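Protein chains in written order, with the numbering used here: chain G, 1 to 395; chain P, 1 to 395.
Calculated from the structure, these hints are not laboratory results.
Check the hints yourself; a few may be wrong.
[Unchecked claim] EDC-like cross-link-like pairs, simulated, lysine to aspartate or glutamate; straight-line CA separation at most 20 Å:
id	chain 1	residue 1	chain 2	residue 2
1	G	311	P	286
2	G	279	P	378
3	G	364	P	258
4	G	379	P	286
5	P	332	P	131
6	G	379	P	242
7	G	379	P	335
8	P	364	G	280
9	G	379	P	285
10	P	267	P	242
11	P	126	P	265
12	G	379	P	265
13	P	379	G	285
14	P	311	G	258
15	P	364	G	285
It should be emphasised that the depicted structure is a prediction, and the values quoted were computed from it without experimental measurement.
Spelled out, the chains give:
Protein chains: 2
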Amino acid sequence: MKAVGIIAEYNPFHNGHAYQLREARHMGATHLAVVMSGNFTQRGEPAICDKWTRARMALECGADLVIEIPVPFACAPARDFAAAGVFLLSQLPIDTLCFGCECQSLSHLCAAARAVEQAERHPMMKRLLDDGVSYIHAREQAVWEIAGETAAEIIRQPNNALGIEYLRAIGRLCPQMAAWAIPRSGAGHHDERPNGAFASASYLRSQLQQGNLPQLSEWMPKQAFEILSQAVAQGRAVTSLESFSRLLLASLRTAAPEQLRQFRDVKEGVEFRILRASKEAASLDDLLKRTATKRYSRARMRRCLLACLLKIPQAELASPPQYLRILACNPKGRELLQRARKRDTVPVTPKFAQLSHMGFSQAKLEAQATDLYALMTEKAAPGNWEFTQNPWILL
Amino acid sequence: MKAVGIIAEYNPFHNGHAYQLREARHMGATHLAVVMSGNFTQRGEPAICDKWTRARMALECGADLVIEIPVPFACAPARDFAAAGVFLLSQLPIDTLCFGCECQSLSHLCAAARAVEQAERHPMMKRLLDDGVSYIHAREQAVWEIAGETAAEIIRQPNNALGIEYLRAIGRLCPQMAAWAIPRSGAGHHDERPNGAFASASYLRSQLQQGNLPQLSEWMPKQAFEILSQAVAQGRAVTSLESFSRLLLASLRTAAPEQLRQFRDVKEGVEFRILRASKEAASLDDLLKRTATKRYSRARMRRCLLACLLKIPQAELASPPQYLRILACNPKGRELLQRARKRDTVPVTPKFAQLSHMGFSQAKLEAQATDLYALMTEKAAPGNWEFTQNPWILL
C-alpha cells in the first residue's frame with residue numbers, strides 16, 4: 001500500500017485537480033485520501049456548493065476517501081489550515097503528502113521553507129510588523145534578507161506559500177511523512193484566463209456567478225460537471241454572494257464590540273472598525289474596502305469577518321482537529337480508515353450525530369456554520385444538513 | 001385650534017386612510033397629528049417601505065405632523081401599541097383621538113371596552129388561559145359571558161379590537177381626550193378583494209409583492225402612489241419577505257436559548273420551539289407553521305420572532321415612549337410641536353442623533369432595527385439611516 005494524501009478545497013473540482021490525482025497515481029499511489037474544506041473556505045467565503053457535493057466530485061474523479069477539515073481550520077490562516085490538513089492525514093496514516101506548487105524543484109521549496117522558519121524569528125520581521133506592515137509582506141522582506149531574491153519570489157506564489165506551510169507542519173507534526181511537490185501545469189491559482197485545458201477555480205467561480213454554467217464543462221471532468229450542474233439545478237449552490245453579504249452585515253449590525261473581540265483574530269481595535277463599516281457598507285466588497293488596511297490584508301479581513309459570522313472563538317485553533325469525519329469513501333478509502341481505526345487516533349466516524357453527542361466543540365461550530373450556509377444557497381434551505389446528509393459511499 | 005390625533009401604520013397609505021383624514025377635517029379638526037409605526041409593524045414584519053417615505057405620503061395627503069412610535073411599541077401586542085400611541089398624542093397635546101372601526105356606534109364600542117376590562121379580571125379568563133387557549137380567544141369567550149354575543153362580535157373585528165385598546169388607554173392615561181370613531185367605509189382590514197375605491201392595506205401589499213405596482217394606483221391617492229413608486233424604483237421597498245426570512249432564520253440559527261429568553265414574550269419553553277423550528281424551516285411562513293400553537297397564535301409568534309431579531313428586551317415595554325421623534329411636519333404641525341414644547345413633555349426633536357446622545361434605550365433599538373431593515377430592502381442598503389435621513393418638512 002502506498003497511501004498518499006492531498007489537502008484541497010475543490011471549489012469547484014476542475015481539470016487541474018484531476019491532473020494532480022492522476023499524477024499521484026502515476027507516481028505510485030495505491031490509495032488516495034483527500035482532506036477537504038467544508039462549506040466555508042480559506043478565502044473566508046462560502047464554498048460554491050456544499051461539501052457533500054464537492055466530496056462526491058472528488059470521489060468520482062479519482063480520490064478514494066474524503067475527510068473534512070473542521071470549520072475553524074478550513075477558514076483559518078494558511079499556517080493553521082495546513083497544520084490541520086497534515087494532522088488529519090497523519091491520523092489515517094498517510095505516507096506521503098502530494099501538493100501542487102509553482103516551483104519546479106522540491107529542494108528549492110524546502111530551502112524557502114527553512115528561510116520562512118528563520119524569518120519568523122528574525123528581528124527585521126518584528127520591526128516591520130511594529131511598523132504596521134502586513135504579516136505576509138514583512139515575512140517576504142525578511143526572507144529576501146535571509147535567503148535572497150529567488151526565495152522571496154518562491155514564497156510569493158500562492159501554491160508555494162501553502163506548500164511551505166505543509167512542509168513546516170510535516171516537520172513539526174510527522175517528520176516521517178514524505179512530500180511530493182507537483183509543479184502546476186497550465187493556469188495559475190488566481191489566473192483570470194484559462195490556459196489550455198486548465199482554468200483556475202477562481203475563474204470557474206466567476207463564470208458560474210455570471211450565470212455561465214455550461215462554459216464550465218470545458219474545464220471540469222465530465223462527472224464533476226454533472227454533479228455541479230445537479231447541485232445548481234437543485235438550488236444548492238451559492239452562485240451569488242448576495243445572501244452571504246446580507247447575513248454577514250446583519251450579524252455585524254446587531255453585534256457589540258465585546259462580542260466581536262471573542263472571535264478569531266478580531267483584536268487591536270479592529271472590532272470597532274468592523275462595526276462602524278458594517279453600518280456604512282452595503283456588500284461584502286464594500287465592507288472589505290472599508291476595513292482592510294496595510295496590516296490587515298483583504299484576505300485576513302475576510303477570514304476575520306467570517307469568524308464573526310460563524311462565531312469561531314479565538315481558542316478553537318489551539319488544539320488540533322478533534323475527529324476524522326468522512327464525507328465520501330470507496331472500498332480503498334475504507335482500507336485507509338481501517339488502518340486509522342487500528343491505531344490510537346482521534347475518533348473516526350461517518351455519523352455526525354455521534355461527534356455531536358461526544359460534545360466536540362468543533363462539531364457544534366460545524367453544525368452552526370452549515371445551518372447558516374443553507375441560508376446562503378440560491379434557494380434558502382432548511383438546516384440540520386449535518387444530521388441528515390449521508391457521506392457518499394461507493395461500494 | 002382643534003387638535004386631532006390618529007394612530008396608524010400607513011403600510012401603505014391608501015384611499016381609506018385619505019378618507020379618514022378628510023372625515024376628521026369635516027368633523028372640525030384644524031390640526032391633524034399622526035403617530036405612526038416605524039420600519040416594523042404590529043404584524044411583526046418589516047413595513048413595505050421605510051418610515052420616512054410613509055410619513056411623506058401622510059403629509060402630502062392631509063396630515064400636518066407625523067411622529068414615530070418607537071420600535072419596541074410598534075411591533076408590540078395591540079394593548080402596548082395602543083397605549084404608546086395614546087401616550088405620544090397626549091404629549092402634544094391632542095384633544096381628540098380619531099380612529100376607524102367596523103362598529104357603527106361609539107357607545108357600543110365603549111360598552112365592549114368595559115366588558116373587555118371586566119373580562120381580564122374574570123375567573124373564566126384565567127381558567128381558559130390555563131387550559132392553553134390563546135389570549136384573544138379566552139378574552140372573547142369571557143366577553144360573551146359578561147356582555148353577550150353582540151359585544152363578543154364587536155371585539156372580534158380587528159379595527160374594533162384596536163379601538164377598544166385606544167379607549168382603554170385613554171381611560172388610563174388621559175381621560176380628558178375625546179374619541180371620534182369613524183365607521184369604516186368599503187374594504188375591511190383583512191379583505192382580500194377591493195370594494196369600490198377602497199382596498200385593504202394587506203391587499204395592496206400582496207399586489208405589490210406579486211409585482212403589480214401599477215395596479216396600486218387605483219386604491220391610493222395620486223401623491224402617495226407616486227411617492228411609493230419612487231421608493232420601489234430606488235430599491236428602498238421591501239417587496240418580498242425573502243430577505244426578512246433569511247435574516248430572521250440566520251439570527252435564530254446561531255442563537256442560544258438563554259439569549260432568546262431575554263426577549264419580549266419569549267418564555268414558557270417557546271425559546272426551544274423557536275430554535276428547533278429555525279433549523280427545520282426555510283422561510284418565515286414555514287417557521288410560523290412550526291411554532292404557532294393554540295396558545296401562541298401566528299400573530300403573537302410573528303411578534304415574538306421579530307423581538308428576537310431586533311433584540312427587544314422584555315423590560316422595554318415597562319416604561320412609556322421616551323421621546324417625540326418627528327418624521328414629517330408642515331407649518332400646522334409645527335404649531336402642534338410648539339404646544340408640546342411649552343408643556344413639560346418628553347423631549348421633542350427632529351434630530352435623532354440628539355436622542356441617541358441622550359442615551360435613550362429606545363433610540364438605540366430603533367437605530368439597530370433600521371440598520372437591519374436597510375438589509376431587507378430590495379437592494380440591500382447601507383445602514384445609519386437614522387442619522388442621515390431628515391424629516392420631511394413642508395414650509
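Verification of the hints:
no.	hint	in the structure
1	311(G) with 286(P)	violated (26 Å)
2	279(G) with 378(P)	holds (17 Å)
3	364(G) with 258(P)	holds (17 Å)
4	379(G) with 286(P)	holds (14 Å)
5	332(P) with 131(P)	violated (52 Å)
6	379(G) with 242(P)	holds (10 Å)
7	379(G) with 335(P)	violated (52 Å)
8	364(P) with 280(G)	holds (17 Å)
9	379(G) with 285(P)	holds (15 Å)
10	267(P) with 242(P)	violated (27 Å)
11	126(P) with 265(P)	holds (18 Å)
12	379(G) with 265(P)	violated (31 Å)
13	379(P) with 285(G)	holds (15 Å)
14	311(P) with 258(G)	holds (16 Å)
15	364(P) with 285(G)	violated (27 Å)
Checked against the numbered hints above, the structure breaks hints 1, 5, 7, 10, 12, 15 and satisfies the rest.
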